[in-house]
Each structure stands twice: as structure tokens, then as C-alpha cells.
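A.B. asks: Residues per chain, in single letters:
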Amino acid sequence: MQRIGVFVCWCGSNIAGTVDVQAVSDALKNEPGVVFSTNYQYMCSQAGQNMIKDAIKEYRLTGIVVCSCSPRMHEATFRKTAQAAGLNPYMVEIANIREQCSWVHKDIPTGTEKAIILGKAAVAKVNLNAPLTPGESPVTKRALVIGGGIAGIQTALDIADAGFPVDIVETKPTIGGKMAQLDKTFPTLDCAACILTPKMVDVAQNDKIRIFSYSEVQEVKGFVGNFDVKIKKKARYVNEDICTGCGACTEKCPQKNVPNEFNLGMDNRRAIYIPFAQAVPKVATIDPNACNMLKNGKCGVCAKVCAAGAIDYKQQDQIIEEKYGAIVVATGFNPISMEKFDEFAYSQSKDVITSLEFERLTNAAGPTAGKLLRPSDLEHPHTIVFVQCVGSRCAACAEKGKEYCSKICCMYTAKHAMLVRDKYPDTEVYVFYIDVRTPGKNFDEFYRRAVEEYGVHYIKGMVGKVTPEGKKLKVQGSDLIMDEQVHIDADLVVLAAAIEPDKSARPLATMLTASMDTNDFFTEAHPKLRPVESPTAGVFLSGACQGPKDIPETVSQAGAAASKVIGLLAKDKLTGNPCIASPNELMCNGCSSCERVCPYGAITYVDKEFRMPDRTTAIRRVAQVNPAVCQGCGACTVACPSGAMDLRGFASAQIIAEVDAICK
Amino acid sequence: MKVSYFPGCTLKTKAVKLDEYARRCAEVLGVTLEEIENWQCCGGVFTTSKDEVATKLSSVRVLKAAQDKEQVLVTVCSACHNVVKQTNHQVQTDKEFADKVNRYMAAEGGYDGTTKVYHYLELLRDVVGFDKIKEKVVKPLNGEKIAVYYGCLLLRPGTVMKMDDPENPKIIEDLIRALGGEPVIYNKRNECCGGYVTMENPAFAEKKSQSITENAKSFGASRMITACPLCKYNLEKHEEELPVVYFTELLAEALGVKEDADESAE
Amino acid sequence: MQVNEKKPLIVAFCCNWCSYAGADLAGNNRLAYPADVKIIRVPCSCRVNPMFILRAFQRGADGVIICGCHPGDCHYTSGNYFTRRRMAMLFSMLDYLGIEKERTRVEWVSAAEGAKFAATMNDFAEKVAALGENKRLEDLRCKK
Amino acid sequence: MSQQNNNLKEELIRISGVNPKKCMRCGKCSATCPAYEEMEYHPHEFVVMVENGNIEPLLNTESLYRCLTCFACVERCPRGVEPAKLVEAVRLVATRRQGANHMKADDVPAKLDEDLPQQAIVSAFRKYTK
Amino acid sequence: MQKITREVLIEKAASLLNEGVVSGVLGWKQGEFAYDVTPALFTTVDELNEQFVWGDFCGANFSKYLVAHTRKTQSKVLVFLKPCDTYSFNQLLTEHRFDREKVYAVGIPCEGMADVSKVKAIAGEGITAIESTEEGLAVTTLYNDAPVVIAYEDALAERCINCKSKKHVAYDELIGEEGDVLESGRFDQVAALEAMTPDERFAFWQKELSKCIRCNACRDVCPACTCEKCVFNNPVSGAETKAPMGTFEEKMFHIIRAFHVAGRCTDCGECSRVCPQDIPLHLLNRKFIKDINTHYGEYQAGAEVGSRAPLVNYTTNDVEPGDVFERGEENA
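Chains as they are written, first to last, in our numbering: chain A, 13 to 676; chain B, 25 to 290; chain C, 11 to 154; chain D, 1291 to 1420; chain E, 133 to 464.
Hints were generated in silico from the structure; no laboratory data involved.
Once the Cα atoms are required to be at most 30 Å apart in a straight line, the calculated DSBU-like pairs of lysine-lysine come out as:
#1 E:296 <-> B:93
#2 E:299 <-> B:140
#3 D:1311 <-> B:124
#4 E:339 <-> C:16
#5 D:1299 <-> B:124
#6 B:261 <-> B:38
#7 A:220 <-> A:515
#8 D:1299 <-> D:1394
#9 C:145 <-> A:676
#10 B:231 <-> A:486
#11 A:211 <-> A:246
#12 A:233 <-> A:220
Sequences and hints are given; from them, build the entire structure.
C.D. replies: See below:
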């Protein structure tokens, strides 16, 4: 039997004005388990808290009920008070007789009656409370960043800056991601490489950061603070430690006709290659699908020319196992395939390109060395049509496009249009748009400059058909303002393709038990209040893997994710919320219902041997809750058909006791 | 293999050859086209409105006839195909429509939407197989540059017709390759020729058709093929350089049965 | 004093993060609603077991309302989606058993919606009061 | 705002199965329409005007008979609005009115030529008459 | 009348026992009365020959017995499964309730089972013998000299009249021919109830449920009720109850029970079969199934192993609880 103390607060006149506090403390004195009951002007004051502490000691209280303001206000205060007096803080219950009673009911009899009932419910609950101790788990002070684009780079740099070791896993041979492929950046028009490559070098030189390039995450086990990760380092057939990145091999390799991914296939590279001049790590990689030596053992030129002797045709994939305290997902995005949008003739004409391809065409390190030449005949285009929202905001065609707005296209199209007009004033530029969306600092000004200073023609309407004929691309579109169907003979058509999460994100989410939305973007723990955390504890989100983002947004989110990681890694031990689910193994059926409703993947199953009622033993599958991962929502307790799963602090019996007390 | 066959009215009159070539080629390829008995005209165009019932009954009867024989239903004319396939789709997806139709059809027994409708081209691709056709070719097209004209009705609406990618179709191009020709890919191949509006406004239809043939010619086509008599009419009416023929004629040529067919069609 | 007219008894289960905070906000703004409404705090609306609801009715409650975060805003990301399915099914079943459907309700109330909370409770209490005493659901044995 | 005819609007929505509210005003339907130049009201205007209940002008426009039912707008609409179905519904409402047939049997012989396929005649009749 | 004979089943069971493939057979055994067939475990061929029965009263679904049985033994057990039983079988596998490796499942066709209440209503009490003949069930009672012949369709159990499937969704071996999933009118009665006024519905259920004697037979036979400890037997659950007294007690029991199996119930109909008070308990389960089908898409529990039950699933645009009634009324 509990020994319960009841403390009724007047809150000045806030409570006492509408509730007869004396009557409440008198009434509750007679409830089962109550051995002491009093009231006081301000329970939260030092004097009030001392009154509680003294009573706990004097009456050897095992539980207390404070009838006061909302628990959201002072539950923590009174828990600390109890703890200071040697009582387990979870033996405290609050009856909310201010916000939910005295402030909303006008006369004293009703207020008093309800306050007594709320007090009784709290007493009934405390009678069934048990002391709870938060679990603790150690924290591995190392972070993993998955993805080496600008999001991953910034996150890693910020974490390393705080003194924690970080590993970056990147599937490509170099870090840098999409930003490395861009020419200029909006709205300031600084060159992407000029601001990105120094950061890449910082990463390379930072002794806290390891880069696993040409690698992928293969398996993730464990939970917040204690992830066990297997990383597959794919064989690049070049010894990274020895290769100096001199590039001799990439000049001598006889296999010259491999489409160059970095330039989106608009020119060719060799079978052994370094993606671009500023690659980090700057080491060569052999493409096993193109290398004659690896395919049929006939060649070996690169090994002959490599002065460092770094070529290793026998290299194998390597599995690295490492422990991490936190994981940041920064898997980024890709433009969607234009295959299903052939009304724009993307597959029929080389001169219909995507915006990312356009970036490469205007980039000094691109296939045309920065001269704007159209791909089919390398002639200078005099009329360029940009088409926005290709595949974005596309609700009708789930298998074709994306329902969401890709967010970045309006701005980069304005940038492209402006740059073309700036460099080539003889070129006419038309932009077909549905809406121009520019909600960012200096964004709308930028777009207006494209129109007002650079004379870009913005046409409200969509393009319906692009027909290659002769050397021209016949563009047929709507001008909704003029109410006209417009026909433009263009030399180049640039499609602002929708962006989608990288394909690696979905399997990764499964490994991490991190949730995703229907578009395969990672879901944040709370859309407004916890935007850089995944609902899965210890997993953080950086960049476009969470939703379409431009560079400034990505960098700020990367920093935010880093600060969350730092906050986690700075702790030596993680203290959990003790109000978590816990299964009664004797009653558990092992049916998996609870696992299916758990948003955190906190529930796993083990086979255990049990003594059965008939004295035999049997192996049964039973649920286990990882206390470090469970957040205590209670979804599992209701999904459980046998009632084996219960929630500490909000146990079924406790809630039923409250119901009974209220309905008495 | 035996299939139910719905030729449609134009194939019995102005487009006899489209029909005759189709039958001859099917024979060569081991498919028997069993013409549905007492079929009626499909109406030429599908009326999309949900409350149009009576105009779709002739198509439902054709579908029902194929169902009774437990055969797939094959069409050749693009317009018939579009009407029959869209009607079938409406029976499958619009319960209210299906109920109304079945009230009309009560005396003949109901129709539940289970008949499979193939265009002749789908029959060639999915049942016979282009590889097998390639084997049967006796007079290959020797790399002739052929422009394929799909028009609207074979491909759209893509969610219903499901023959091929409505914006970047390949089915007839693949057939031409199997016959030894070289398909000309041009973007106007799925634009409208002017259709029945040619009745009221021939000048408009001429303009639409010419932009299509011009587009094809600019890519060096020496012949154009189509599956639709009305498209053929519109396309060739004012076209002097580019001959327009039915795809079945090309097939008959390659399979070496064109002369025979021409004779019996006369 | 013997009151002839029995006051209705309403049990409101409120999730800690949205609706309970919404109720607090109603209090902060002094938005009145009947004292018949008694709130039980749960971490998430998905913690509410149908058994709690039936138990309340069995013990004489006249109405039971479950309040949670708006769909999509759940503190635990998906809890209220489960609540929505469970309660839809349970309420439909109660209706099927001939129990007045006005006695049960699910309402999404955010932490910012103090006014909505008060309005909801006023409306619910009024509807329940109009039905009169809960006769179809109470277990006489448990009544005092 | 011009006069609203909500009854007719509801009927058009019902028989066409089109929800004009899904339209996001991108104009791709009109951009892709092969009969654009022949029309007074264009596909996107059909959608917007029906949504606004401004239907009378549509009932009286020749544009109804210029739509080729080629389904290009249906295929390419990013929002799945299917404007052609709406045009068809308006056309039906117009031609179903007493004596409102757009084409009469007597007119046909003058329009024929030797090669014109039957299909053109039946299609035109189905489209233009009731 | 069943098409497969007892002999065919015994032969199959005997050969599997003799070959050592299985060490036991879950089958039907004659009880005290002709219509009283009970589940039994046979371990020898002799037992089979003596006691194994198969006929129009062999309704018992053995899936549930596998939970306890597979725990006791390391060897395989043969289980005969009618089409409807296979759904329960799969559902239990989905919930990891038994070890599939320890079961040899033999699918057998079923022509529908007889309902003893219907038989008694026609032939009267005091049944001494029932024989399955070509014409129907020949029933001999203490009070008649010549057997009363009851046509099969007149004796068919409600769940068999509305049989949802003749297809076996799980087996190692199938005897006889495979059937199809059927279009059944199993929701017609639910719809009829939904169409009533709330007062009529209340009266209906008040009448039916007040017959409940809380014998727990429905729970004990239910293949979805395999909890290690039932909430109704568990003092801490808050639902532990003994005998019914009030007017709501038994409703609470049946609502909770139906809710616990909602989304998991395969509609095998065992609850109604065993109810000594003939309460149409299946109408509660079918209400949930119908609602689930209407609002969350067609779902048949047990149709495939590993499927996600609708109540542990969601979509972001599910129907709101308040709208469920309105839709129901529209349908009514």
C-alpha cells in the first residue's frame, strides 16, 4: 500500500478564486492510500517545495499528488522536489486544477467538485505508480555521414570542428556531389567550384575526417549512440595510399569511349579515370565494365605508366566495420528520367537537354570548355527555350513525374537565362513557366533582373510539343496571358527536370528503420520543430534527401544536423525516457503486431525458452523493447492483442484507475 | 491460334485492302482471324461522357461475342480499336455504366468486361512475336526509310490503350526493323491528322496532315505507313511526294503475299 | 441537495503534445466549457485502448472523446493515424450495436487551438446532454 | 464575374467525370492542342469557364466542333484534368438540345469525295449530332 | 455430403505415419452423439481406423491446435485443412504462432458442413443416429421409427451457405480438386442490420447478447484467440470478468473480443458454430471485415502469409472516425 501525500495549491487566487482548496484537501484526505493532505498558497515556491519535502520525510510518503497548474508547467519542478527528498521522481502525479478547472469554470461549487474528482483520479493513479529509473547507454563518439555532396561535406566539417571524428561514405569515386557539376550559383552568381572545392580540400586535410569514397553502406545494426555499420569499399583497382593523382594513366589508357558520367555522357572518359581535376580523393579509379585488362586480361597499360606502382588489378571489395554514435543521411537528389516526357523530344534530339546538362555545357571544365554550343552540331544556339516544371507538380502521372514542386528550378532557370543573355546578347531566351516561385533572400530581385536587365522573355504557359525538324526544334506552347498558342523555332531546348531522391535512399531507409514519405524523401521527426532529425533516434537528415533544397538551405540544414549530432556525441551516456513500453514476456504471443505500429523500430523479437503451465518447456518468440530507442507513444500497447505490452508511467491499470475514479 | 476479329465498316468498303492484307498475313503467321458474326459499326469515335450508353452498345456486343467464343478480340483499324478498347475499359471501371449496359443487354446475356482487346499490331508483337515475323520475311524492305504514323487513336489515352509509351512509341518501328526497313523517328508521328473535321473544314485537315508529312520527309522518309483509313485519306490527299500505305500492306509485301491479296481484293 | 437532473459525465482522453496543451491554452485564455468534461492525459492518442472507452461507459460515463494531434502532426509521427483507424472501427461497431453515435467522438486539436478545444467540448457536452443518461452502455453492477 | 450556371456546371462535371478544380493553370492542354487556331475557346478556357459556371458562351461556340478528340490534352495534362472530356460533355449538352444538330444528313452529300472513308462520316455524325 | 471419403483420408494419414513423415495426425473423432465430433490427435494407424471420422459434422478448424501441439514435439504433425481452415493457418503463420516446419498440411475439399441446430429444428431432439445418404441426412431419433431425411441444403450451416472460398491458400499436399475464391453474400446480414434504426439494432443485440452465458467457448475455439494469456483472464488488464450480471458486461466482452481479432479474423465462423446459445457472433466479426473492406480496401486475413493487418497499418488520407457513420447511412 502506498503512503500518499496530497498538496493542493491555491496559486494565489488563480485556483483558490474558483475552487475551495480547503474542501479539496479535506476530501482527498479520505482517499485510499492518502496519509497526508494539505493546501498552500504557492506550492511551486521555495516554501511550498519545502513543505512537500518535509512531508515526504515526516510521513514516509511513497507517492505524492500535487493539485496545481498543468503538468506541462511544473511537473518537472515537483519531480525534482520529490527527488531532493529521496522519493523517486516518477512517484509524482499532478492534478491539473488550474488550466483545466479553475480557469474554465466559473462558480465555486462546480470548480470544487471537479477539482476533487481530478484529485481523486491522480490519487488513484499514484496508487499504481512504480518507481522508474531511466535507462542509460554509452555513446560512441564518432559520426557517420552518408553522402559526400555539399550537405555531407558541411555536416562532416562542422562535426569535426567540434572535435569528433567523422567518416563520410560516398558511392562515387570523389566527394563533391551535384554542386561540383554546377557552373554558377544563384542568386549571387559565384562559381560553384570556387566555393565548393576549398571545402572539399578542408575535408581531405581534416585529420578528424575519413573519406570512404567509391563505397556504400551495407548494413546498419544497433541504435542511437551505438550503431554498428558495415561499409563496403568497392575495389577501384588503384591503391589509394600510393596513387598521386598525376593522371598519367588516364591519358594513356587506350579505352577512350566510355561515357563520362561527370559530364552526363556528353563527352567520353577513359576506362581509368579521375572524375574531375579537383576530385577528392584525387586518385584514379578503374571502371571494371570498360577496362580490357579486367575484362579479358589484355592491356595493362596503366600499370606500365604508373610511376608510383599504384595499379592493382587484383584488388577486392573490402568490408569495413565501424561503430558510430550518430548517423547523418545526406544522400541527395537526381533529376528524374526524361524518357516518359517525349513530347519534348528529349530522346529524339541531342539539342533537347536537361538543366543539369546545361550546367555542364556552360562550365569551363565541361565538354565544350564553357562555350555554349549545342550538342548536335556544336553550333552556337541563337534561340533557347527553357521549359519549367517538367515532371514537377505532376499529379496525373505517378509513374512519370512527381507531385511536388522541385523548388530549385525557377531560380536556376533564371540563372541560366541570365547567364546566356549576359555572355551572348545575340541569343534570344524564352522561359515557359507555370508560376515563378522565388521565396528566398534576394531571389525575386534576381529573377526580375533576368527579365528587366537581361531581357529574358518569360511566357506564362507550358510547352505542349517540341518537334525536331531540320536544324530547328519547333516549340509549340501556350501564352496564357496573350491567350495564344506560340510557336518558336529554337536551337536548344532546356528542360527543368523534376528532382527526386537518390535511388540509394530507399534501401538505406530500410537499413536505418528511418521512415520515408511516398516520394522516398526521408521524414523528419517533426515537420516544424525537429526538421533535421529522423524519427529514428540517432539518425539525422541533411540536404535534399529530406526534400528539394537549394544550396543555402542545404548548408544551413547541414549545420543544424551537425549541431544535433554534436549535442548527442557530447554526452557520455544517454539517459532515456523511463516512460517506455515494456512487454510481459509471459503473456507475449510474438505476433509482431507491436513491431508493425512502432514508428521507431524499437521492437525486436527473440526466441526464449519458457516453462509452460503444464510444466513442460517451450521455445517462444517474444518481443523486446530497446529502451534507448522507444519514445513511449504507446501505439504498441493497443496493437497488442494479449495486453502483454504496457507503457511505464501510463500503464493500462493506471489509466483504468483514473477512468474509474472519474466515473465513480 | 484462333482469334475473334472485328474489321469495322471502312474495312469493308474504302479500306478493303487493309483488311485483306491483314487476313493474308495472319494466315502466313499461323493466326486465324474469325470474323464476328453480325457485327455493327463501332461509331468511329468514342464518346467519353459517362451518360452515353446506347452509342456504345455495338462495341459491347462485339466484346460479348468474343467472350462467348473465349477468344481475344482483334481489330486493325485504329478508330475501331480505340472505340472498342475504351468501351471495354469503361465497362471494367465504371460500375454504373456497366449496370446500364447490362440492362440493355439483358436479353443477350450480360457482359462483364473480361474480353481482351488486341490491336493487330499487339497481336504481332505479343502473340506472334517480331522475331518469328522476321523469320517469315521473304522480301525484306532492304533498309527502306519508313515513317510510321501512329496518329492519336492507337496510343491515347495511354492509361487505357496501353499499347506503348504514348509519347515515344516503338511498336511499329520494331515491326519495320523486323521487316528489314529502317524506321524514321520524327516527333509528329503522334500528332492528329485532322480526323473527321476534314468533312467540315478540309483546309484545316490539310494543314495538319501536311505538317506531319513535312516533318517525316525532313528526316528522309520514302514511305509513310498508318493503321487508320481516315488518317491515310487525310495524309495522302494533298501529298504528292510521300506515298502513304497501310502497315499491313508493308507486312504483306515483306511476307510475299501482297500480290495474292491485291487480286482477291479487286 | 438532491439534483433531479443528472449532469452528464464526459471523459476526454487528450494527447500530451497537442490536445492536452490545447486544453491548457483554453484555460490560459479563460475559455469556458462545462465542468462535466474530465480530461485524462495520455502520451499519444494511440495510447487509448478501446477498453478504456468501454470501461468509462460501463462505469457510467455519458460520452467519451479522444483528442489528438492533427493527422500528419503527431509527435510520434504516426500514432494518430492508428488512432484514426482504431476509433473509426470501434465507433462504427458501437453504432452497429445500436449505441448512440453522438456519445463518441474523435477530434484533432493542436496545441494552438485552445478555442477549438473549448468549442469542441461545449458542442460535445451539449450533444451528449441532449441524449440524456447513458442507459445502453452502463453496467448496473458497477454503479453506485 | 459573369453569370453562373451551377446546374449546368454540375451536370457537365457529372457526365464528363472531370474535376476542373484539379487544373493548375499551366496551359499545357492548349499548348498541345492541334486545333488551337481554329478555336474561339481553347481547352484551358473550357476548364476554367466550367469551373466558374460560365457555360453559355461555350454552348454556342464553334470550338465545340473543332476539337478532334485526339486526346493530346488528356495525355499531357500534368494534373489529370482531361480537358477533352469536358469539351465532349459541353458538346453533348449543346447537341442534345432540340434541333441543335450541328450537321444534317442533307449536308453530307456535298461534303463527300470518292476516297472519303465511311469512318469519317459516322464519326462526324456521332460528334456533331444527337 | 462430402465428396472425399473417410477412407481416402485415413489412407493418406496412415501412409504418412508409416513412412515416418509425421508422428501424429490432427483429425476428427466421434463424440458422444452422432453430431458431436471432436478434434483428436491420432498417433497410430489402428487409432485412425477405429476412431477417425469424416463427414458433415466435421466443422472443427484445427489451425489453432498447431500452436500448442508444435511446441510439444520435435516431429511433424499432419493436419487436415478445409479451405476456410487454411486462411486461419496462414494468419497464425503471419503472427509467428507455430513452426511451419513441424506441420504437414493436407488440404481437403469441403462441400459445406451441417448445422446441428438446423437438424434438430427439423428432426427434433433425441437424435440417436445420423447417416449421410444420397438424398440427404437421414436422422434417427428416440421419437421416430423411420429416419427423417433432411436435404443437405436445409441443414447447411450459415457460414457454409455464405462460403467465401473453396480455394486452399496453404497446404503441402492437396487431396481432390482445387476450388476458387467465391463471391458470397456473407455481408448481406450485416448490411441488413446497418439498414435498421439504432433502436432496432440495439434491441437485436440486446436480445442476442443477453443470451450469453460467458462460457468462453467462442474465445476458446477462435483461431485468432491464441493469446498466451487472455485479457479476460488477466487481473491487470482491467477487463477480467467472471459471470455476466449487468446489461453491458457481455457486450463489453464481445466488443473487445471482436476488436482484438479485427483485421486478423479470417471469418472461419467457428465462434458461431460452437456457441451453445446460438448467438450470431460472426455478425460482429463481419461488421469489422466489411468496414475494413469499405474504408481501407479489400483485405482477407490469411489470404497470404506476412500481409499487414489493416489495424496495424494506415494511409495518410484514411476516413475520419466521424465520417464512418455518415457513409454507413448513405449505404443504408
